[in-house]
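Asks: Chains as they are written, first to last, in my numbering: chain A, 1 to 111; chain B, 1 to 110.
FYI, nobody ran anything at the bench for these hints, they're computed from the structure. There's no promise every hint is true.
[What the hints assert, rightly or not] A short list of chain A residues far from chain B (calculated; beta carbon distances all over 12 Å): (1) SER7; (2) LEU11; (3) LYS13; (4) GLY16; (5) GLN18; (6) SER27; (7) PRO61; (8) ARG63; (9) PHE64; (10) SER65; (11) PHE69; (12) GLU75; (13) ALA80; (14) LEU81; (15) ASP85; (16) THR101.
[Stated by the list, open to error] Simulated pairs of lysine to aspartate or glutamate, EDC-like, Cα-Cα distance not exceeding 20 Å: (17) B:LYS79 x B:ASP57; (18) B:LYS45 x B:GLU5; (19) B:LYS42 x A:ASP85; (20) B:LYS79 x B:ASP39; (21) B:LYS42 x B:ASP82; (22) A:LYS13 x A:ASP84; (23) B:LYS42 x A:GLU54; (24) B:LYS2 x B:GLU15; (25) B:LYS45 x A:ASP104; (26) B:LYS2 x A:ASP104; (27) B:LYS79 x B:GLU5; (28) B:LYS42 x B:ASP77.
Here the structure is a predicted model, which means the values were calculated and not measured. Think of the CB as a built atom: it goes at the ideal place given N, C-alpha and C, for glycine as much as any other residue.
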Amino acid sequence: ETGVTQSPTHLIKTRGQQVTLRCSSQSGHNTVSWYQQALGQGPQFIFQYYREEENGRGNFPPRFSGLQFPNYSSELNVNALELDDSALYLCASSRDRGQPTFGDGTRLSIL
Amino acid sequence: RKEVEQDPGPFNVPEGATVAFNCTYSNSASQSFFWYRQDCRKEPKLLMSVYSSGNEDGRFTAQLNRASQYISLLIRDSKLSDSATYLCVALGGSARQLTFGSGTQLTVLP
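Chain B with its partners taken away, still in its complex shape (with noise of 0.2 Å):
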């Protein structure tokens, strides 16, 4: 079992949309929780933080639900721009290293 898990994918959704992405992680001492967007063939980049009290950033919400070790990103309103990979990351071990789920790609169309 991969320590962190994503929704499998491809989500296709009209410009507009509200889209959700559920991840839920395995490993319990998991310190800190994250959303990285990752372009097609670039470099992942950090989307939000992930708390247990949720937390919003314009059309971007994310929430951590440490009982059911079960994270969430909400878009709301989608764009064109949106349009990327999403990835669930745990943070944690001796090496404070981030583990990485597969992504989940969002295409948003016009």
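Only chain A is shown next, with the shape it has when bound in the complex (with noise of 0.2 Å):
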């Protein structure tokens, strides 16, 4: 059973840039959830995709965005990036909304 996977590991950008991240969900799930976790914190969530809708999303800007496609992979993409956006972006797929599996995570860093 493959997990969840995601890419790239870790990805340099500069402020006013955009980026593109994406997830592979484990096998058999079909939602995927998004999460930010900035160093000493614990994971925020983003938002949440299910079964292609987005289903759900928390107190982020609309500059961050996301797509799921019909094999339930997601992206996320953050336009306009600010310093702040420098974080551990965590991506966890689960099957009906159950109990998320997470990938190892994208690090990204605002230059």
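Join these two chains into a complex; the hints should help.
Replies: Here is the structure:
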């Protein structure tokens, strides 16, 4: 059984740029949630996709957007990057919004 | 006020010690609760679920008190391999999303 895989592992961007992070959900999972974890903090919920529809959103501005594809993989897009966007971005997949499995994360640094 | 608040830590304890972590949550509508463990620069992993009746898994015991909105984790006979950050987590909301505390760092010393 393939787990949750995220790409890239690390990424460096500058302020104002745009970034796309990718997540392949675990086999049999149809729900993907994204979390942002700043240094020294717990992960914070960004949004969730269930069967290709956004199913809930945390307290993040509209420049954070996402997509889920028919194979249930997902993308997180962030526009107009700010220094505070530097964080570990975690993707978690589950079946029918059940107990999630986390990927290894993408570490994003903004210069 | 954060939805899930934990002991600030860090905790530095000798091998074999018993250590207790506490956590409070503010959203009484939260449905389920968990403790997650996160190793340095890794993803969080589910340690155990937390129930009002208590939950024990080897050296780990978790307890939920819904009346006081309080969650605890007790680790007995600490091992070096227990060194990690422990995250208190509530599940709820329209997306059944996880709300994490800031985490408490534990270092078990030889």
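Asks: Confirm or reject each hint.
Replies: Each hint, compared with the structure:
1. Under the 12 Å C-beta cut-off, the non-interface status given to A:SER7 relative to chain B holds; the minimum distance is some 14 Å.
2. Consistency note on A:LEU11: stated as away from chain B, and its beta-carbon is indeed over 12 Å from all of that chain's, at 15 Å minimum.
3. Here A:LYS13 stays apart from chain B, with its beta-carbon at least about 19 Å from theirs, past the 12 Å limit.
4. At the 12 Å boundary, the C-beta of A:GLY16 stays outside the reach of chain B, the nearest C-beta of that chain being 27 Å off.
5. The Cβ of A:GLN18 sits about 25 Å from the closest Cβ of chain B, beyond the 12 Å cut-off, so the non-interface label holds.
6. The non-interface label for A:SER27 is consistent with chain B: the shortest C-beta to C-beta separation is roughly 18 Å, beyond 12 Å.
7. With 12 Å as the threshold on Cβ separation, the claim that A:PRO61 sits away from chain B holds: the shortest Cβ distance comes to roughly 17 Å.
8. The non-interface label for A:ARG63 is consistent with chain B: the shortest C-beta to C-beta separation is roughly 20 Å, beyond 12 Å.
9. At the 12 Å boundary, the C-beta of A:PHE64 stays outside the reach of chain B, the nearest C-beta of that chain being 14 Å off.
10. For A:SER65, the non-interface assignment is confirmed: its Cβ lies about 16 Å from the closest Cβ of chain B, beyond the 12 Å cut-off.
11. Remark: the non-interface label on A:PHE69 is consistent with the geometry, its nearest Cβ contact in chain B lying 19 Å away (cut-off 12 Å).
12. Distance to chain B confirms A:GLU75 as a non-interface residue, since its nearest Cβ pair spans about 18 Å, more than 12 Å.
13. For A:ALA80, the requirement that its beta carbon stay farther than 12 Å from each beta carbon of chain B is met, with the minimum near 25 Å.
14. Once the 12 Å rule is applied to beta carbons, A:LEU81 is consistent with being away from chain B; the minimum gap is 21 Å.
15. Its beta-carbon lying about 18 Å from the closest one in chain B, A:ASP85 satisfies the requirement of being farther than 12 Å from that chain.
16. Separation of A:THR101 from chain B is inadequate, the least Cβ-Cβ distance of about 9 Å not exceeding the 12 Å criterion.
17. In summary, the hint linking B:LYS79 to B:ASP57 is supported, as the alpha carbons are separated by about 15 Å, within the 20 Å threshold.
18. Of the supplied pair hints, the one linking B:LYS45 and B:GLU5 holds, its CA atoms being roughly 19 Å apart against a limit of 20 Å.
19. Between the alpha carbons of B:LYS42 and A:ASP85 the distance comes to roughly 18 Å, so the proposed pair stays at or under 20 Å and holds.
20. With a CA separation close to 14 Å, the supplied pair B:LYS79 and B:ASP39 stays within the 20 Å bound.
21. Our distance criterion of 20 Å between C-alpha atoms is met by B:LYS42 and B:ASP82, whose separation comes to about 15 Å.
22. Taking the CA atoms of A:LYS13 and A:ASP84, the gap is near 12 Å; set against the 20 Å cutoff, the hint holds.
23. Between the alpha carbons of B:LYS42 and A:GLU54 the distance comes to roughly 26 Å, so the proposed pair goes past 20 Å and is violated.
24. At most 20 Å may separate the alpha-carbon atoms for a hinted pair to count; B:LYS2 and B:GLU15 exceed this at roughly 32 Å.
25. A C-alpha spacing of about 10 Å is found between B:LYS45 and A:ASP104, which places the hinted pair at or below 20 Å, so the restraint holds.
26. Proposed proximity of B:LYS2 and A:ASP104 is contradicted: the alpha carbons are some 26 Å apart, above 20 Å.
27. A hinted pair counts as satisfied when its Cα atoms are at most 20 Å apart, and B:LYS79 with B:GLU5 does not qualify at roughly 25 Å.
28. With a C-alpha separation of about 24 Å, the suggested pairing of B:LYS42 with B:ASP77 is violated against the 20 Å cut-off.
In this structure, the hints that do not hold are numbers 16, 23, 24, 26, 27 and 28, in rising order.
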